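Visitor: Chain residues, written in single-letter form:
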Amino acid sequence: MSTYLLRRIWQMIPTLAGVMLLVFFLFNVFGGDPAAILAGKVASKEKIDAIREQLGLNAPIWVQLWIFVKQVFTFDFGASWSTNEAVSAIILQKAPVSLTVMLQVWLLDAIVAVTLAVAVAYKRGSFTDRAVMGICTAAMSISLLLYVVVGQWLLAYKLEWFPVLGWSDDFWTNVSTYAPLPILLLLFVSIAPSLRLYRSFVVEETGQDYARTARAKGATEHRVMFVHVLRNAAVPIVTNLALALPGLFVGSFLIEMVFSIPGLGKEIVNAVQRSDFPVIKAITVYLAMFAMAVNLLVDVLYKRLDPRVELK
Amino acid sequence: MTQQQASYGFWRAAGKRLWADKLARFCMAVLVVYFLVAGAAGMGWVAKDWNEEVGVSYANPSFLGDDYPNPQGKNSIISQEVLVVDEKQKAVDPLAPYYEEIEKNAAAYEKAEVKPSWTLLLGGDKWGRDVFDKVIKAGQVSISIGLASALLAVFIGTVLGAVGGYFGGKLGDLLEWFYNIFTSVPYILLVLAFAAVFGKGVSTVILVLGFVGWTGTYRLIRAEYIKQRGRDYVMAANAIGASHGRKMFVHILPNVSHLILVQLSQLVVDFIKAEVILSFLGLGVPTDSVSWGIMINEVMPELVLGKWWQLATVAVVMSTFVVSFGLFTDLLRDALDPKASRR
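Taken in sequence, the protein lines are chains R and X. Mapping of the first sequence onto our numbering: residues 47 to 358, in sequence order. Mapping of the second sequence onto our numbering: residues 76 to 418, in sequence order.
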């Protein structure tokens with residue numbers, strides 16, 4: 047196990063180096079002159095030169111690359127170009143906001159979708175099953191954008207069940223007042239594809255020989271479903287849930303923009319609009335690191351859930 | 076007497092399977108209409124004047140009639156003040172002797188005034204532009220972005236996948252490394268990072284989506300080439316001295332082309348959805364142009380004023396296209412690749 051872990055971590059190094067190279071070349075080589083962006087619309091030559099000197103842009107490219115690598119490992123990306131806040135402070139401040147919304151979506155989506163998937167899989171082939179699948183297909187074909195725009199207008203503006211938008215400094219106010227509508231809308235969008243996927247996992251397992259054997263020896267349908275089938279179907283379901291984790295930190299760009307929730311998603315969109323490269327660079331690199339860690343975690347989880355899996 | 080029945084070729088058989096499905100025929104009919112209209116808009120035959128102010132601000136849709144309450148509608152005519160210059164004013168006006176000359180010069184530039192209409196077929200937007208023309212033009216932009224970026228992504232994915240799968244070895248490892256880099260950053264974040272560097276514009280959106288979205292095709296084509304490269308027909312081609320390029324693209328490519336077609340179809344839908352979201356966030360198509368995402372971006376303040384027609388139009392038009400294309404892709408996959416699982 048520990049050899050496996052070590053080798054996997056060893057294999058991550060080239061990928062991580064690649065991500066850093068990609069980000070570096072994308073922003074430092076193709077990204078245009080950051081000094082010209084920073085100096086603003088009316089910039090004198092001296093001002094641009096001073097900024098170039100300050101950012102270390104006059105140094106050879108490999109020195110700049112070394113600076114970037116040091117930034118990644120010391121968690122010090124300097125200050126944002128537009129607000130002059132430290133990038134690390136921005137990330138630490140915004141990530142919990144995104145998580146307040148997205149963790150709830152993640153949990154509720156898992157609970158509702160798995161429960162419904164099992165319930166529908168009991169009745170596979172029946173009218174209920176086909177009706178639910180039909181609704182799912184219809185729900186999936188409508189763009190997230192339309193859900194958000196219409197949902198905000200109808201539920202918040204017209205019916206006044208929720209505040210139209212906003213956010214506060216108090217965690218409980220956020221959870222009880224401002225977060226419910228975005229969470230509800232995100233759930234509308236995310237449950238349909240999850241339900242379809244999980245149902246196919248469960249139905250696939252119910253057709254296996256071991257399920258038939260369990261029924262043949264007289265196990266009740268409930269026992270077959272919860273003890274035999276669900277344990278096997280859990281492997282792909284857990285994978286799917288874990289792989290969604292890195293996305294949670296970004297939150298949903300759309301939902302954070304529309305409801306003006308000051309999370310990472312909104313920060314990134316704003317950073318892109320203002321050409322605030324340090325913020326985008328930092329978030330991209332750290333999220334890639336996190337995604338790699340999650341991938342490793344998923345493989346280890348496999349072993350936990352299914353003892354037959356050999357980690358090589 | 077024996078009856079000779081030639082068996083159909085692969086494409087013919089797949090086409091027959093697809094045509095036998097009523098739903099597939101219906102989807103194809105819908106898509107043909109969309110592509111024809113988009114093509115016509117691209118040639119400038121329809122919706123050329125989408126940017127003209129042909130109606131009053133928020134003109135009512137014709138089926139509601141011009142009596143439907145509208146602050147700028149017919150029932151609340153805004154009167155324009157007309158300036159009358161009398162003799163007393165002319166006496167003190169230093170420009171008075173030149174009026175005739177000024178008017179004569181101005182006449183050269185004068186255009187017949189188009190009276191903005193109170194109603195438009197599907198209503199008007201804030202600037203009195205025809206929503207019907209707008210949605211056609213927007214469809215042309217969105218569909219062509221989807222098609223072009225999908226073609227780019229499939230091209231990159233196919234070439235890299237073919238090279239990686241066919242040669243393997245060090246070159247294959249290098250391409251795998253590339254693949255790992257691109258898939259380790261969440262897709263939407265990578266799109267935004269590219270968008271931040273390359274700025275706005277239609278061609279930028281195409282490049283960004285194409286450069287970021289090739290990974291799925293690469294994975295598929297690479298696996299397929301690894302499977303095919305040991306087959307007898309490739310060995311035979313090798314024996315007659317075919318070059319690597321010839322074996323890769325003349326011998327193997329036709330045998331995987333059905334997968335490429337399905338992939339292309341899938342990516343068009345995905346990229347249209349991505350373009351809509353990018354444009355909505357203000358990172359895609361510039362605002363002097365129009366796309367479905369930009370139209371949805373405009374509707375939020377309109378809804379508050381009770382002007383629902385632009386939203387209804389764009390929602391129906393866009394959803395119909397996306398649903399038809401999605402269903403068509405599924406059916407195409409069933410027809411071309413019967414073994415693939417549908418999830």
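Hints should not be assumed to be uniformly reliable.
[What the hints assert, rightly or not] Now the stretches of chain R that chain X is said to cover, found in silico as 3 or more residues with beta-carbon under 8 angstroms:
hint, segment
1, 110-122
2, 166-173
3, 267-277
4, 298-308
5, 314-322
In short, the hints are calculated from the structure, not lab data. In this text the structure is predicted, and so the values were computed from the model without any measurement. From the three backbone atoms N, C-alpha and C, an ideal C-beta is built for every residue, glycine too.
Visitor: Against each hint, give a clear statement of whether it holds in the structure.
Guide: Hint check results:
Evaluation of the coverage hint for the segment 110-122 of chain R: breached, as 0 residues show C-beta separations to chain X shorter than 8 angstroms, against a requirement of three. Evaluation of the coverage hint for the segment 166-173 of chain R: breached, as 0 residues show C-beta separations to chain X shorter than 8 angstroms, against a requirement of three. Taking a C-beta to C-beta cut-off of 8 angstroms, the segment 267-277 of chain R contributes 0 residues in contact with chain X, too few for the three needed, and the coverage statement is violated. Under the rule that three or more residues need a Cβ within less than 8 angstroms of chain X, the assignment of the segment 298-308 of chain R holds, with 4 such residues.
A stretch counts as covered by a chain when three or more of its residues have a beta carbon under 8 angstroms from one of that chain; for the segment 314-322 of chain R and chain X the count is 6, and the coverage holds.
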